[in-house]
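Next come the chains, spelled out residue by residue.
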Amino acid sequence: QKEVEQNSGPLSVPEGAIASLNCTYSDRVSQSFFWYRQYSGKSPELIMSIYSNGDKEDGRFTAQLNKASQYVSLLIRDSQPSDSATYLCAVKHNFNKFYFGSGTKLNVKP
Amino acid sequence: DGGITQSPKYLFRKEGQNVTLSCEQNLNHDAMYWYRQDPGQGLRLIYYSQIVNDFQKGDIAEGYSVSREKKESFPLTVTSAQKNPTAFYLCASSSRTGGGDEQFFGPGTRLTVL
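Protein sequence lines correspond, in order, to chains A and B. Heads up: the first sequence runs through residues 1 to 110, numbered per the working numbering. Heads up: the second sequence runs through residues 111 to 224, numbered per the working numbering.
Just so you know, the hints here were simulated from the structure itself, not pulled from any lab data. It is possible that part of the hints are untrue.
Below, a list of computed lysine to any residue pairs in the SDA-like style, where the Cα atoms sit at most 25 Å apart [stated by the list, open to error]:
| id | chain 1 | residue 1 | chain 2 | residue 2 |
| --- | --- | --- | --- | --- |
| 1 | B | Lys167 | A | Ser30 |
| 2 | A | Lys56 | A | Glu3 |
| 3 | A | Lys42 | B | Ala171 |
| 4 | A | Lys42 | B | Val162 |
| 5 | A | Lys109 | B | Lys167 |
| 6 | A | Lys2 | B | Phe214 |
| 7 | A | Lys97 | B | Leu224 |
| 8 | A | Lys109 | A | Leu75 |
| 9 | A | Lys97 | B | Leu155 |
These figures come from a predicted structure and were not determined experimentally.
I would like the entire structure built from these sequences, with the hints used as guidance.
Laid out in structure tokens, this is it:
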């Protein structure tokens, strides 16, 4: 079983719609969770971090965490073509190790 | 400007050669990391270091070596023992503890074996 699992996609949404990206993790003691955006050929860029159960909003992005279900999600409101990228979910374990999912590719159609 | 720099951006290696990838950060972060990314795949941890003069193997350390002689520098050597080194190599850093423990990435080095 992988430490962090994501649907590889591609997830296609029309411009202006809400994109919903999901991630599950296996280690119950994990405390820190992150979403990164990676454009083709570029390095990952941090979008959101979340540490407590519930929602965290930053502009058009909302991260949601449910530790009981070991589930993290990222909502992108008013999706734009520039949001088209691969989104990586990351979980921080003990001893400062991070585990990454394989990423979900998002296509936002104009 | 605070950040992480990696060099070179592109690197070509002949069979049997060792090559060293540079990673420098001026974020005053204690922890530094090396990841490998293959096309269409996620990041796999090669080595990480939480403090100067100390480092630990990640999930795919075979064929790689690192050093951490200074807080701001964490070079990665890809040795000839690494049989399939063509990949995108990413260096990252983070604070060790507490809130604000996000991990930030450098721009990456793309290594190709000729």
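| Hint check against the structure, violated hint numbers in rising order | 4, 5, 7
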